[in-house]
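Protein chains in written order, with this note's numbering: chain D, 218 to 471; chain H, 123 to 248; chain R, 408 to 791.
Source of the hints: derived by calculation from the structure; they are not laboratory data.
Where hints are given, some of them may not hold.
[Claimed, not checked] Straight line, CA to CA, 27 Å or less: simulated BS3-like cross-link-like pairs of lysine-lysine:
(1) K442/R x K300/D
(2) K353/D x K556/R
(3) K297/D x K442/R
(4) K628/R x K556/R
(5) K629/R x K489/R
(6) K530/R x K782/R
(7) K245/H x K154/H
(8) K298/D x K442/R
(9) K629/R x K442/R
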Amino acid sequence: MVRRDFLRKTSLSGLGIAGLGSIGGFAGLGGLIARTASTETPTAGSTRWGLAILTTDFSRNPEIIKACHQAHNVPDIPDKKQKIKWIWEDNAQAAFSEGLPSRLAGELETRSFLLLCNHCANPACVRVCPTRATFKRSDGIVAMDYHRCIGCRFCMAACPYGARSFNFHNPAPYLPASHPAFPARMRGVVEKCAFCSERLPLGLAPYCVEAAKDAMIFGNLNDPDSEISHALHGRLSLTRRPELGTGPSVYYIL
Amino acid sequence: MYNVKAILTGLLVFMAIFTSPFWLNQLGVDYKRPALAMPVGEKECLAPTDYMRGEHMRLLNEWRDLALRQGERLYTDARGRTWEINLQNTCQGCHNDRAAFCDACHVSNSVSPYCWNCHLEAKGKS
Amino acid sequence: MLELALRPSPRFRLWLAALAVLLVAGLIAYLVQSKAGLSVTGLSRDVSWGLYISQFTYFVGVAAGAVMLLLPTYFHHYQDFKKLIILGEFMAVAAVGMCLLFIFADLGQPQRILNILLHPSPKSVMFWDMLALSGYLLLNLVIGWTTLKSEQHDLPPPPWIKRLIWISIFWAFSIHTVTGFLYAGLPGRPYWFTAIMVPRFLASAFCSGPAILLLLCLALKKLAGFTPGDRGVRGLTTIITYALGINIFFYAMELFTAFYSGIPGHARPIVFLFSGHEGQIYWINYWMWACAGMGISSLFLLLNPQTRHHPQILPWSLGFLVTATWIDKSLGLIIGGFTPNTFGGITEYIPSLTEICITLGVYAAGLILLSVLWKIVLEVRRGP
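Extracted from the complex, chain D is given alone in its bound form (with noise of 0.2 Å):
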C-alpha cells in the first residue's frame, strides 16, 4: 500500500525514474525505496500468510518434514549435495547464523528448528528471476511456475535461506512410493514450498501445520486479530536474517 501510494505520487508528480517504473513495471527508484520502508508495515484488509514455529516442541519435526515431501512429491535424491528439500531441520547456528548470542542457554543449543522458504515481504529470488517463473502472489506468496523455469539457478545464488533446491537428477525414481495427487517436477527446475498454496482455498491448513497439532500456527499476518497475529503479540520471535530486509514470514517463537 506505502509503496503503491508511493508510485503513484511519484508517478503523478512526474518524476521520471518512478513514472517509467509504473508503466514499464520496472521498479524504479521510487519503488526500491518504497521497498525497503514497507518490508514490515502490516496493510489491513489484505492477506500476508505467515508461520510462527513454537522451537520448544521440536519433536514431531520429522514427522512434519515426511507429511510435506509425500504430499508434495519431493524426490528422495540419496546425493546429499544434491538433495530437494522443502523443509528440513537444522540447529540455531546454522538457522540463525549471527543472529543468536554465541552463549546460548543449554536447552536452546540442542533444538532442532524447522527450516524453509521464508515467503518473503521483499523476495530476492522474486527480484533476480529472469522469466518470472517465481512470483510473489497477492496474497504474499512466493509461488513457483515449474512449466516456466529454466533452470539458470540465480534464485538459488539469490536466496539467503537456501530454501531452494534444484532438479539435478530426473525426480521420477526417487519419488515416494504412494502416489499423491499433487503434481511432481521435471529435471532442470528449480522447486521449493508454496505455503500449501493448493490447500488453502479449501479451507485447508498447510500439511506441516496439521502434522505439527500445536507447534505450528498458520494464518494471516495482516490480521490484528488472527490466531498468528495473537500468538506473535507480546513474544519474543526471530526471522532469520533481518538485517538482510527481506522481511520473511516465517517467525520462529522461542
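Using the hints, position chains H and R against chain D.
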C-alpha cells in the same frame, strides 16, 4: 558465373530433398483421424469438440496461468457452466484414459507434450 | 570475404582439425549432460553455479577488454592500435559467443531459453545482461566486418561506423557493469556483496582482455608473420600494466574492509579461499595462492622498466597475468561466493570430468570462430 553445372545440380538436389516430405506424402496413405475413446455419459466438453480438438493446448496454457499465477481456480464456459481449473481432476476426470484418448491423437500427430512428466496420468478404468 | 578463410594453408587446417576434435569431445559430453541432467556436474544445492558461469563471467570481461584499443584510438586519436583494432573486435565476437554457449550449457531447461524474451522481466539483471551481450555481439560483428570490407577495397570506412564505434565503447562498459550487477546485488552472499565488484570486474577485464589479445598477436607473429607493430605492443603493455595495478589494488581494498572491520561474514569466504576451513585444506587454496603469486609477479615484471618491454619476458608476464585473473574471476569468484554456504557450512565444489569436457568444447568453439575471423583479416591484409 563459374561452375554453373555443379551449382545448378546441387541446387536441384537440395530442392528435391528439401521438398521431399510433400512428394513422399502423395505416395503414402491418407491421414486417418485416430479413433478416440470419448468419455462415457458426457455429451460435450466445456467447448464444442472442434474447438477443443484444435485449441485445447491453448486453453490448458490459459488455465495454467489462471490457476498458478492469478490463483483463479474456477472457470465459466460459454454456456455458463463452472469448472474447477484442474488438469488432473477436471480434465482427466472425464478423459480418464490417457493412452486411448490423449496419446492416440498425439502419437499420430507426432507431438509429445510433457504434461505427464509431472502431472499424474489417468490410466483408464481397471 | 568469408571465402578468404578457405585459402589453403596446411598448418591452419591442422589447427582447425585439432580444435574440431576438442569440440566433438565437448559435444559428446554435452549429450551426456543433456541425457542425465546437471547431476553429472560437480554442482550442488550449496554451490549451484560452477565452471560454466565462472567461464561466462571471465569471457564477458575478455569481450569488454577490446575497448582498451578503441578508446585510445577514437577518443585520443592514438594511431598505433590501428592494426590491432579489428582483431580486438573479432576477439570480442568470439568471447561473447563463448559466453552465450556457457549460459546455454548451464541451464537446466535449455530448450526454454526463449522464455527470457517471451516473459521479459526488467527487474532481473539477467534480462539486461542478455540484451547487453547480444547487442555487443552484433555491434562488434558489424563494426569489424564493415571496416575490414573497406580495408579490402582500400576505401575509408563509411562515416556511420564511427558512431557505432562510439556506442560500442560505452556498450563495452555496460556489459561488464551489468555482469557485475548479477553478483553485487544479492543479499546473503558477502563475497559478492560489494560496491567495488563492478570496478573490480572492469579492472580485471581491462588487463586480461588486452593481455590475451597481445599474447595471441605475439603467437601470430611467430606463426603467420603478422607484425603487431612495436609501438602498438608497447602502448598496450602500458595499458595492461595500469589495469593490473588497479585490479590488485582493488582486491587489497576488499581485504582491508573484510578484515579490518572484523565482521565475520565478509572475511569468511576470503579465509576459505586462501586457507580452507578449520585446518582443512581444499584444492582451491592452492589455486588462490598461485593466483596471488602470479598476479604479483606479473605486476612486478610489468612495472620494472627493464622487464616490461623485454620481448622474451613479456609473454611470461602476460601469461601470469591471464592465469591469475582467470583464477580470481572465475574459480575464486564463484567458489568464494557460495562457500561457506548460507548456513555457515562448507560444501566443496569439484568440477566433474563432463563439466570440464563441455567447458573445453566451448573453448574450442570460441577458438574456431576466432581463428576463422582472424584468418580472414590476415588474408585481406595479404592482398589478393
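Hint by hint, here is what the structure shows:
1. For the hint linking K442/R to K300/D, the alpha-carbon distance of about 19 Å falls within 27 Å, and the restraint holds.
2. As the CA atoms of K353/D and K556/R are separated by approximately 52 Å, the hinted pair breaks the 27 Å bound.
3. The straight-line distance between the Cα atoms of K297/D and K442/R is roughly 21 Å, inside the 27 Å bound, and the hint therefore holds.
4. Of the pairs offered as hints, the one joining K628/R and K556/R holds, with about 23 Å between alpha carbons and a cut-off of 27 Å not exceeded.
5. Straight-line distance between C-alpha atoms of K629/R and K489/R comes to about 20 Å, which keeps the hinted pair within the 27 Å bound.
6. With a CA separation close to 41 Å, the supplied pair K530/R and K782/R exceeds the 27 Å bound.
7. With a C-alpha separation of about 25 Å, the suggested pairing of K245/H with K154/H holds against the 27 Å cut-off.
8. Restraint check: the Cα-Cα separation between K298/D and K442/R comes to about 20 Å, which is no more than 27 Å; the hinted pair holds.
9. Restraint check for K629/R and K442/R: the C-alpha separation of about 43 Å exceeds 27 Å, so the hint is violated.
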